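*Asks:* Could you build all of it, start to finish, from the sequences and the hints given here?
For the sequence shown, my numbering begins at 2 and goes up steadily by one.
Source of the hints: derived by calculation from the structure; they are not laboratory data. Don't take each hint at face value.
[What the hints assert, rightly or not] Calculated cross-link-like contacts (lysine to aspartate or glutamate; reagent style DMTMM-like; alpha-carbon spacing at most 20 Å): (1) K385 to E254; (2) K237 to E155; (3) K188 to E131; (4) K385 to E472; (5) K292 to D231; (6) K104 to D57; (7) K84 to D123; (8) K537 to E464; (9) K104 to E163; (10) K64 to D97; (11) K569 to D427; (12) K386 to E476; (13) K635 to D622; (14) K467 to E577; (15) K449 to E476; (16) K350 to E616; (17) K537 to D427; (18) K632 to D590; (19) K386 to E464; (20) K104 to D136; (21) K660 to D615; (22) K188 to D213; (23) K162 to E254; (24) K223 to D213; (25) K350 to D615; (26) K631 to E641; (27) K92 to D123; (28) K657 to E641; (29) K635 to D590; (30) K582 to D493; (31) K188 to E254; (32) K626 to E577; (33) K204 to E191.
Remember, predicted model here, so these are calculated numbers, not experimental data.
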Amino acid sequence: MKNCLPLLFSLLFATTLFAQKAPLRRADSFFGLHFDFHASVNDSLVGKTLSEGMIDSLLTAVKPDFIQVDSKGHPGVTSYPTKVAAGTQVKSFTQDPLALFRKVTQKHGVALYVHYSGVYDDAALLKHPEWAAIDANGKPSTQKTSVHGAYVDELMIPQLKEIADYGVDGVWVDGDCWATVLDYSPKALEKFRQQTGILTIPKSKQDEHYLDLMNFARQSFKNYVGHYTDQLHQYKPSFQVASNWAFSSFMPEPVDLNIDFMSGDLTPMNGVNSALFEARVLAAQSRTYKKPWDLMSWSFNTAWNTSNHGAKTALNLSQEIAEVIAMGGSYQCYFTQNRDASIRTQQVKTMAELAEFARARQAYTQGATAIPQIALLYSLASFKKYNSSIYNNSAAEPVKAILTALMDGQNAVEVLSEHHLKGRLDQYPLVIIPEWIYLEPDFLQELKTYAQNGGKLLVIGAEAVKNFSAELGIELNGTPQKQLCWVASNGDLGLVNDLLQKVSLTAGTPALGNYYVNQDARYPSGVAASMADLGKGKIAGVYFNFGQSYRSFQSPQLRDFLQGIVKKMFSNPIVEVQGSKLVHVTVNDLKGKLAINLINAGGNHNSDKVYTYDELPPLSDLTLKIRLPKKPLKIVQQPEHKPLPFMYANGVATLKVPKLGVHSIVVVE
Numbered sequence: 002m003k004n005c006l007p008l009l010f011s012l013l014f015a016t017t018l019f020a021q022k023a024p025l026r027r028a029d030s031f032f033g034l035h036f037d038f039h040a041s042v043n044d045s046l047v048g049k050t051l052s053e054g055m056i057d058s059l060l061t062a063v064k065p066d067f068i069q070v071d072s073k074g075h076p077g078v079t080s081y082p083t084k085v086a087a088g089t090q091v092k093s094f095t096q097d098p099l100a101l102f103r104k105v106t107q108k109h110g111v112a113l114y115v116h117y118s119g120v121y122d123d124a125a126l127l128k129h130p131e132w133a134a135i136d137a138n139g140k141p142s143t144q145k146t147s148v149h150g151a152y153v154d155e156l157m158i159p160q161l162k163e164i165a166d167y168g169v170d171g172v173w174v175d176g177d178c179w180a181t182v183l184d185y186s187p188k189a190l191e192k193f194r195q196q197t198g199i200l201t202i203p204k205s206k207q208d209e210h211y212l213d214l215m216n217f218a219r220q221s222f223k224n225y226v227g228h229y230t231d232q233l234h235q236y237k238p239s240f241q242v243a244s245n246w247a248f249s250s251f252m253p254e255p256v257d258l259n260i261d262f263m264s265g266d267l268t269p270m271n272g273v274n275s276a277l278f279e280a281r282v283l284a285a286q287s288r289t290y291k292k293p294w295d296l297m298s299w300s301f302n303t304a305w306n307t308s309n310h311g312a313k314t315a316l317n318l319s320q321e322i323a324e325v326i327a328m329g330g331s332y333q334c335y336f337t338q339n340r341d342a343s344i345r346t347q348q349v350k351t352m353a354e355l356a357e358f359a360r361a362r363q364a365y366t367q368g369a370t371a372i373p374q375i376a377l378l379y380s381l382a383s384f385k386k387y388n389s390s391i392y393n394n395s396a397a398e399p400v401k402a403i404l405t406a407l408m409d410g411q412n413a414v415e416v417l418s419e420h421h422l423k424g425r426l427d428q429y430p431l432v433i434i435p436e437w438i439y440l441e442p443d444f445l446q447e448l449k450t451y452a453q454n455g456g457k458l459l460v461i462g463a464e465a466v467k468n469f470s471a472e473l474g475i476e477l478n479g480t481p482q483k484q485l486c487w488v489a490s491n492g493d494l495g496l497v498n499d500l501l502q503k504v505s506l507t508a509g510t511p512a513l514g515n516y517y518v519n520q521d522a523r524y525p526s527g528v529a530a531s532m533a534d535l536g537k538g539k540i541a542g543v544y545f546n547f548g549q550s551y552r553s554f555q556s557p558q559l560r561d562f563l564q565g566i567v568k569k570m571f572s573n574p575i576v577e578v579q580g581s582k583l584v585h586v587t588v589n590d591l592k593g594k595l596a597i598n599l600i601n602a603g604g605n606h607n608s609d610k611v612y613t614y615d616e617l618p619p620l621s622d623l624t625l626k627i628r629l630p631k632k633p634l635k636i637v638q639q640p641e642h643k644p645l646p647f648m649y650a651n652g653v654a655t656l657k658v659p660k661l662g663v664h665s666i667v668v669v670e
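*Replies:* Dropping the structure here:
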């Protein structure tokens, strides 16, 4: 019997392990939590109040698919004991927080990822200033490492291998693409000269070959991400890697690296409209390149570079969840850890409420894909040419605002780049070009051919319309100038204060609207928009920059001005919603069923004076008209499980949604 005891204990241990639920891979995950505190060298007694019971209570209450915890933030200091010689850790530990998080998450079958800062590392550059990126004046950075230097091989990869040895499931690399800067280090310039043959190094945007240097930097960053991703996969194939914001709106390029998932974090302020845009960019990338994606809300509101952190309510955050999952994505929410790596337990209630909201909708959103309706172009060609940084989304500001205006008009919109649209433009009844100045000649011709073959093309922007002047039937009068003016909609005038291109219409080209410089609707000053036939299709132009004015003023007159043009060009969408302008709509294919997401976008989430709110009046008696090839068996509002009576005639099902709280999905069966 004594000899059998070791075998018995081994079998018991193996059975216990087998009984533990295996954590989901990121591709199968839906709801997660993110924690970090960007540890510093001044942090001491790390782990002091973090306990197994604290983590256990959190996971029991919230039941996330995964959590992400701090390992190394932008200061470059690890919040776990590192053995890597080049590493820097906190002043002292009372225990190893990462080991404890792994122990408890493993017991719950919850995947564990780490938050790890990549390019951005203060401590590494204190120890190794030779790893720094160098600016055009020869000054080494004190924060941003060179992607051409030894940092990735001597610190980053060894530490992430060290973390993988804990049994951690993967890494979410922060401070990466958006932290990358132009690098004039000797090694970087040597590679640039070798790869391009350009010997004179540009130092400003005005210099020849500056764009070549920017594109070299972009490819260099991708080489760096590809290198650490491949090295980590080689070391531990199951270890999952994402570089935060890679292949998102910050980096809207074809996905050509072996990353395991895509992710990004929404702006703390105006997170609802941030989610509108970011979710659509990642959804398009996921659909084309088959990579899972998620987006992260900040659980608090803040102005950048201040300590004014104000917690958002679960209600406020639920709107952000809705905008993300309505595009088929997964969601995580960011809560800061205390300086000893412990969790702020007062926030668990909010976490649990968010989980309950998301889980109720999981079956009706996860993995859904948008049905083509309106395509809003996010031009990679213009991004590369005009974006202010190597990788951020400053060039996208007008697009974000135009998207918001379209969504405020109850349109179903996707945000797509050239690599999503080439060869499939004809799937979209309406394609919109929002203020992009430059389009590559082959894609420009493809857009024109699309319209000639029966498509509808709407070009917005004082400079964007120049590419289509012949097709629009206009003559440009001078160059675009900033103009304070108003445009008419429904008998009222909406304010515009941006670039305007004065045009003359050729014979037979009708105006869709005028602008007025004197705020008097009796006396138009010129043409604001027009539409022309183009082959079998149509093309329309808006001759002023729309985005910034809508972002600044959020005026219903501007919204309705744009919506009036959209309706003229696309009069038969799959879904029409009437009864409120606060509804955002997506039209999805959910495993062969039509799933219509309705989101209550009310609330003062667009104001930097309002950090959060705890009331959102429900919307009542919304009328839906759904175009269907045959009469449906039933239409159900989910997750309320409420059958909706409908009338079906002439290919249209008409019904009412009596009440919309935050987010419902109308499923047609």
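*Asks:* If a hint holds in the structure, say so; if it doesn't, say that too.
*Replies:* Cross-check of the supplied hints:
1. K385 to E254: 10 Å, holds
2. K237 to E155: Status holds; Cα separation ~18 Å.
3. K188 to E131: 11 Å, holds
4. K385 to E472: Measuring from Cα to Cα gives roughly 26 Å; hence the hint is violated.
5. K292 to D231: 16 Å, holds
6. K104 to D57: 10 Å, holds
7. K84 to D123: 18 Å, holds
8. K537 to E464: Not OK: K537 and E464 at ~26 Å, beyond 20 Å, violated.
9. K104 to E163: With Cα atoms ~16 Å apart, K104 and E163 stay inside 20 Å; holds.
10. K64 to D97: Not OK: K64 and D97 at ~23 Å, beyond 20 Å, violated.
11. K569 to D427: This hinted pair holds, its Cα atoms lying about 18 Å apart.
12. K386 to E476: 26 Å, violated
13. K635 to D622: 19 Å, holds
14. K467 to E577: It is violated: about 33 Å lies between the C-alpha atoms, which goes past 20 Å.
15. K449 to E476: 18 Å, holds
16. K350 to E616: Status holds; Cα separation ~18 Å.
17. K537 to D427: Roughly 13 Å between the alpha carbons, so the hint for K537 and D427 holds.
18. K632 to D590: 17 Å, holds
19. K386 to E464: It holds: about 15 Å lies between the C-alpha atoms, which stays within 20 Å.
20. K104 to D136: 44 Å, violated
21. K660 to D615: 18 Å, holds
22. K188 to D213: Satisfied, since the Cα-Cα distance of roughly 17 Å is no more than 20 Å.
23. K162 to E254: 28 Å, violated
24. K223 to D213: Given that 20 Å is the threshold and the Cα spacing comes to 15 Å, the pair holds.
25. K350 to D615: The given pair, whose Cα atoms are some 15 Å apart, holds under the 20 Å limit.
26. K631 to E641: 25 Å, violated
27. K92 to D123: 16 Å, holds
28. K657 to E641: Answer holds: K657 to E641 is near 15 Å, not above 20 Å.
29. K635 to D590: 16 Å, holds
30. K582 to D493: Distance of about 17 Å is within 20 Å: holds.
31. K188 to E254: 25 Å, violated
32. K626 to E577: Within the cut-off at roughly 5 Å; holds.
33. K204 to E191: 15 Å, holds
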